[in-house]
Amino acid sequence: MTGKVTIVREFDCSLGEGPHWDDVSQTLLFVDINKAAVHRWNPANNQMKSIYLPDSTVGAVVPREKGGLVIAAAHRFAFVDEETGATETIKEANLEFPQSRFNDGKCDPAGRFWAGTMGNEKEPGKPRRNEGALYCLQKDKSVTKHVAPVDISNGLSWTADKTVMYYCDSLRFCIDAYDYNIANGEMTNQRVVYKFNREEEGVPDGHCIDADDNIWVAMFFTGQVIKIDPRAGKKLQTIKVSDVAVKTTSVCFGGRNLDEMYVTSARNPSVNKVDGDTSGGLFKITELGAKGLQANIYEG
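Under UniProt numbering, residues 1 to 300 are what the sequence shown spells out, in order.
For the record, the hints were derived by calculation from the structure and aren't laboratory data. Where hints are given, some of them may not hold.
Calculated lysine-lysine pairs in the DSS-like style (CA-CA distance at most 25 Å, straight line) [unchecked claim]:
| id | residue 1 | residue 2 |
| --- | --- | --- |
| 1 | LYS234 | LYS35 |
| 2 | LYS4 | LYS35 |
| 3 | LYS139 | LYS122 |
| 4 | LYS91 | LYS4 |
| 5 | LYS227 | LYS195 |
| 6 | LYS162 | LYS49 |
| 7 | LYS4 | LYS162 |
| 8 | LYS141 | LYS66 |
| 9 | LYS195 | LYS139 |
| 10 | LYS145 | LYS227 |
| 11 | LYS4 | LYS126 |
| 12 | LYS126 | LYS141 |
| 13 | LYS126 | LYS49 |
| 14 | LYS126 | LYS162 |
| 15 | LYS195 | LYS234 |
| 16 | LYS139 | LYS66 |
| 17 | LYS91 | LYS141 |
| 18 | LYS145 | LYS162 |
| 19 | LYS162 | LYS240 |
| 20 | LYS162 | LYS139 |
| 21 | LYS4 | LYS240 |
| 22 | LYS141 | LYS122 |
| 23 | LYS35 | LYS122 |
| 24 | LYS35 | LYS162 |
| 25 | LYS235 | LYS4 |
| 26 | LYS284 | LYS235 |
| 27 | LYS4 | LYS291 |
| 28 | LYS227 | LYS141 |
| 29 | LYS195 | LYS235 |
| 30 | LYS227 | LYS4 |
| 31 | LYS145 | LYS126 |
| 32 | LYS240 | LYS291 |
| 33 | LYS66 | LYS162 |
| 34 | LYS235 | LYS162 |
| 35 | LYS91 | LYS291 |
| 36 | LYS195 | LYS240 |
Simulated restraints, written as ranges between beta carbons of each label pair [to be verified]:
| id | residue 1 | residue 2 | range |
| --- | --- | --- | --- |
| 37 | SER14 | ARG231 | 34 to 40 Å |
| 38 | THR144 | LYS4 | 27 to 33 Å |
| 39 | CYS174 | THR286 | 38 to 44 Å |
In this text, a Cβ means the ideal position worked out from N, Cα and C, and glycines have one as well.
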């Protein structure tokens with residue numbers, strides 16, 4: 001199947017990121033990094049609730065099993081009371097690089113919250129190099145560092161059998177696989193499973209995994225989503241999301257049957273949006289012939 005793309009809401013996100021389908025409420029969580037905003041959108045009624053945080057940026061959000069949300073914002077992991085917007089810092093990270101920030105994150109199948117950082121961007125896609133790292137917020141609220149140095153920490157996913165973790169540092173233009181110990185969260189045996197063609201495919205951004213263990217990657221600068229078989233190191237499909245909203249940032253499966261894909265994007269760098277400029281909007285892809293896995297939440 002080729003995939004049918006629609007724009008479901010013309011948000012004016014400066015840098016939309018980190019979509020997470022909340023299976024319990026059948027709503028979509030995502031962030032606008034540069035506005036330090038957490039959004040929850042309900043596709044049933046097209047209503048959106050937003051929380052604007054006191055941080056300079058927010059890179060990722062996930063639900064917490066005990067209620068509320070967990071964020072990776074600026075330099076900290078924090079709990080968020082979704083009713084009041086109040087935050088509680090858990091731990092700070094990457095303080096050795098004061099201008100770095102959290103960029104993307106996701107929970108593993110055991111309920112740990114993984115999130116990575118990146119250096120300050122001089123312009124989109126061009127950060128200070130080697131100033132990021134990949135961190136894990138454990139269920140006991142301690143924080144461990146796992147991969148460093150990193151340029152732009154991005155997509156994370158785990159196979160259905162929980163034995164392999166995929167990770168992308170965008171400016172390496174590849175996806176790495178690791179053997180994953182679900183019991184203790186250790187990553188071993190790093191290897192490259194796919195190399196991107198920068199000129200044709202763009203910069204790999206956020207990604208998700210389907211029930212068949214294929215990876216779907218949002219490609220920044222080209223407005224595409226690419227489907228990859230990481231076992232064969234082969235590209236299976238390219239879906240053009242938009243010729244205008246070319247800064248596609250991340251993807252997740254959603255919908256009642258987890259057979260729809262939501263795609264976030266970043267706004268084009270113009271002062272005022274013009275008619276037809278859908279950049280910064282939220283897109284949906286249907287008729288994919290694929291289903292996702294239920295998104296994990298933080299269990300600490």
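### Query
Taking only the CA atoms, is the gap from LYS162 to LYS240 under or equal to 25 Å?
violated (30 Å)
### Query
Going straight from one Cα to the other, do LYS91 and LYS141 come out at no more than 25 Å?
Holds. LYS91 to LYS141 sits at ~8 Å (cutoff 25 Å).
### Query
Is it true that the CA of LYS227 sits at most 25 Å from the CA of LYS195?
Holds - the C-alpha atoms of LYS195 and LYS227 are around 13 Å apart, at most 25 Å.
### Message
Would the hint linking LYS4 and LYS126 be met if the CA-CA limit is 25 Å?
### Response
violated (32 Å)
### Query
CA of LYS126 to CA of LYS162, is that 25 Å or under?
Distance ~33 Å between LYS126 and LYS162 Cα, so the pair is violated.
### Query
When you check the alpha-carbon spacing of LYS66 and LYS162, does it fall within 25 Å?
Holds. LYS66 to LYS162 sits at ~23 Å (cutoff 25 Å).
### Message
Next pair to validate is LYS234 with LYS35; report whether the Cα-Cα distance is within 25 Å.
### Response
Answer violated: LYS234 to LYS35 is near 36 Å, above 25 Å.
### Query
Within a Cα-Cα threshold of 25 Å, do LYS162 and LYS139 meet the stated pairing?
holds (17 Å)
### Query
Within a Cα-Cα threshold of 25 Å, do LYS195 and LYS234 meet the stated pairing?
Within the cut-off at roughly 9 Å; holds.
### Task
Mind checking the alpha carbons of LYS145 and LYS227 for me, to see if they're no more than 25 Å apart?
Outside the cut-off at roughly 29 Å; violated.
### Message
Does LYS122 sit within 25 Å of LYS35, going by the straight-line distance between their CA atoms?
### Response
holds (17 Å)
### Task
Just tell me: holds or violated, for the beta carbon distance of SER14 and ARG231 against 34 to 40 Å?
holds (37 Å)
The earlier numbered hints that this structure contradicts are 1, 2, 3, 4, 6, 7, 9, 10, 11, 12, 13, 14, 19, 22, 24, 28, 35, 38 and 39.
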